[in-house]
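Student: Chain by chain, the residues run as shown.
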Amino acid sequence: MKVLIVDDELDVEQLYRQRFRKEIKAGELEMMFAFSATDAMSVLAELAPMDIVLVLSDINMPGLTGFDLLKFTKEKYPHLNVVMVSAYGDADNMNRASSLGASGFLVKPIDFTLLKEKIFSI
Amino acid sequence: MSNSISFDFLIKVLRKVFLFQNLPDHLVKQLSESITTQEFEAGKAIIEKGDEGNAMFVIISGKVKIHDGNEVVAEINEGNFFGEMALLDGEPRSMSVTAIEHTVVAIINRNDFFNVLNDFPAISKNIITQLTRHLRAQNDVLIAQWRSREKELNDLVEKRTEELANKNSELMLVLDNLKLSQQQLVQQEKLASLGQLTAGIAHEIKNPLNFVNNFSQLSLELLEEFKELTDETERAEILTDLKNNLEKINNHGKRADSIVKNMLNHSRTRNDDKQLADLNKMSDEFLHLAYHGMFANNPDFSCYMKTNFAEKLPKVNVFSQDISRVLLNLFNNAMYAVNKRKKLGVMGYEPSVSVTTSTVNNCVLIEVEDNGTGIPETMKDKIFEPFFTTKPSGEGTGLGLSLSYDIITQSHKGKLSVESVVGQYTKFIIQIPV
Ligand SMILES: [Mg+2]
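Protein sequence lines, in the order shown, are assigned to chains A and B.
Position 74 of the first sequence, counted from 1, bears residue number 74 in my numbering, the numbering being contiguous throughout.
Position 102 of the second sequence, counted from 1, bears residue number 102 in my numbering, the numbering being contiguous throughout.
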């Protein structure tokens, strides 16, 4: 199972890799990282989307935002699950995410137990 | 000669007149024979200023005033005479004479008068004495008038001076009030920018704090795992992770600390001293604060942020609080401009704000450039003026750039300039001497 994580903070990679160390080691999970929406788009274009089951995207990123990426992904790869992650858990952002087709919304700091459930429920 | 007045009476009257006092009898007689008399009701003019001076008058009965318009020079009555001056110099009358009550005058014509003068030159002495008296009297009146005018004038000057002094102290009060409101406005502008910052600050602190929490939580779990592990390779792996995590905790802790410091610095009333500051670091931090501030207020907002920092930028002595306000103001404006252009909805537009530092001629340059809406040529002169704003009311105080301008040019002896092309870009250039 391949997950693409998109965030402008570089340290999320170390965080996620440690958090999911066992799963990664066991080969249950493969993680890819992109540090901007544009990066993520090229990753998605390169790897067949069927290779990836889930995109986990930050909203507030310089350049294109997580919403731009969400829109792009849902238009191009409608069956791909996108979960939004943001420090701003207000109703506006949540409604916007769901109306654009996000399959979930996680508020930072991330509850990793919840995230694990989310990932493995797919 | 009038029928109602007897010849003898006229002689008596003339005798009483100072001018003719020493005149021999026959001459008085001669004069009396040529005299005519005339009556004037109260208020009637006997002489008008500017009339030809061809006769002199002796008051037989009644009272007249000698005047120039409303200015009364003298009031004279029975036995006195007037109009002799014009008779002598042949000039037009310099004063008017009007009857105050019913008045009868004897009129001595110019020719008759001169005949008497020819026959009895000694009368000249009387004339001169009389003229001197008249002149003196007139002079006294004029001096008195002048004195009263002078006093009036002095009073007026005194009054005006007092009024001015009052006005002046009023103005001083107004000035004091203005200074106070100016301070309040500056404070308001500070608060407004701080308000805008708050969201950015909250986000900018939350991110590193999340990392601190996440990595420390993670490390605790790793330690538990470590205790149970026996495999050396795995233990070594965990130790490496732990070390990395501690570094991350440390870094993000410092990051949050620096943001809080900046915020405190920004909102403090006044820095006492200049401090050596790393303008690269400040530019970077405030670019991000501004970005998150914008984002928190407009969820649709986003832009590319580019930084081109000179590697060996010298530290500069600045009021760091003031410089941070300038940076924040310029970044906010830049982001506002790109957001405005983005809202026009032109395909393929990539909003971008960049900051570039360099050293030129012993000055540190900070260039803040955006590819937003741009500033029209006609506005370029005005943007540094207080209260100039293009933002809708309520969105800007119009003080940001004017304060920034003062901070750079006055407190730091630097320069703040702008380049812009409408629809292409705007670039603000801060220049601060090292
Ligand atoms: Mg982010």
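No lab work stands behind these hints, which were simulated from the structure alone.
Mixed in with the good hints, there may be bad ones.
[As the list claims (entries may be wrong)] Some residues of chain B that are not near chain A, with every Cβ distance over 10 Å (derived):
| # | residue |
| --- | --- |
| 1 | K206 |
| 2 | D241 |
| 3 | H252 |
| 4 | D300 |
| 5 | E350 |
[What the hints assert, rightly or not] Per label pair, the in silico range of CB-to-CB distance:
| # | chain 1 | residue 1 | chain 2 | residue 2 | range |
| --- | --- | --- | --- | --- | --- |
| 6 | B | Q183 | A | A91 | 34 to 44 Å |
| 7 | A | G27 | B | T198 | 43 to 53 Å |
| 8 | B | K227 | A | E23 | 50 to 60 Å |
| 9 | B | N362 | A | S98 | 39 to 49 Å |
| 10 | A | S42 | B | N244 | 22 to 32 Å |
| 11 | B | Q424 | A | K25 | 27 to 37 Å |
| 12 | A | K116 | B | A202 | 35 to 45 Å |
| 13 | B | N361 | A | K25 | 40 to 50 Å |
| 14 | B | K227 | A | K116 | 20 to 30 Å |
| 15 | B | N244 | A | G27 | 21 to 31 Å |
| 16 | B | D231 | A | K116 | 29 to 39 Å |
| 17 | B | T198 | A | K25 | 50 to 60 Å |
| 18 | B | S358 | A | S42 | 46 to 56 Å |
Built from N, CA and C at the ideal position, the CB exists for glycine as well.
Student: Each hint should be assessed against the structure and marked as holding or not.
Tutor: Cross-check of the supplied hints:
1. Its beta-carbon lying about 5 Å from the closest one in chain A, B:K206 breaks the requirement of being farther than 10 Å from that chain.
2. The beta carbon of B:D241 sits about 6 Å from the closest Cβ of chain A, which is not more than 10 Å, so the claim that it is off the interface is violated.
3. Once the 10 Å rule is applied to beta carbons, B:H252 is inconsistent with being away from chain A; the minimum gap is 8 Å.
4. Distance to chain A contradicts B:D300 as a non-interface residue, since its nearest Cβ pair spans about 8 Å, not more than 10 Å.
5. Non-interface call for B:E350 relative to chain A: violated, since the shortest CB-CB distance, roughly 7 Å, does not exceed 10 Å.
6. Remark: the range hint 34 to 44 Å for B:Q183 to A:A91 is upheld by a beta-carbon distance near 40 Å.
7. Checked against the given bound of 43 to 53 Å, the beta carbons of A:G27 and B:T198, roughly 46 Å apart, stay inside it.
8. Distance hint check: the CB atoms of B:K227 and A:E23 are about 21 Å apart, inconsistent with the given range 50 to 60 Å.
9. At about 57 Å, the beta-carbon gap between B:N362 and A:S98 misses the expected band of 39 to 49 Å.
10. A:S42 and B:N244 have their C-beta atoms about 28 Å apart, which keeps the hinted 22 to 32 Å range intact.
11. Checked against the hint of 27 to 37 Å, the pair B:Q424 and A:K25 fails, with Cβ atoms roughly 53 Å apart.
12. A C-beta distance of roughly 28 Å is found between A:K116 and B:A202, which places it outside the suggested range of 35 to 45 Å.
13. Distance hint check for B:N361 and A:K25: the Cβ-Cβ separation is about 58 Å, which falls outside the suggested range of 40 to 50 Å.
14. At roughly 23 Å, the beta carbons of B:K227 and A:K116 sit within the given window of 20 to 30 Å.
15. Judged by the Cβ atoms, the range 21 to 31 Å given for B:N244 and A:G27 holds: they are separated by roughly 23 Å.
16. The hinted range of 29 to 39 Å is not satisfied by B:D231 and A:K116, whose Cβ atoms lie roughly 24 Å apart.
17. The hinted range of 50 to 60 Å is not satisfied by B:T198 and A:K25, whose Cβ atoms lie roughly 43 Å apart.
18. For B:S358 paired with A:S42, a C-beta distance near 32 Å fails the hint of 46 to 56 Å.
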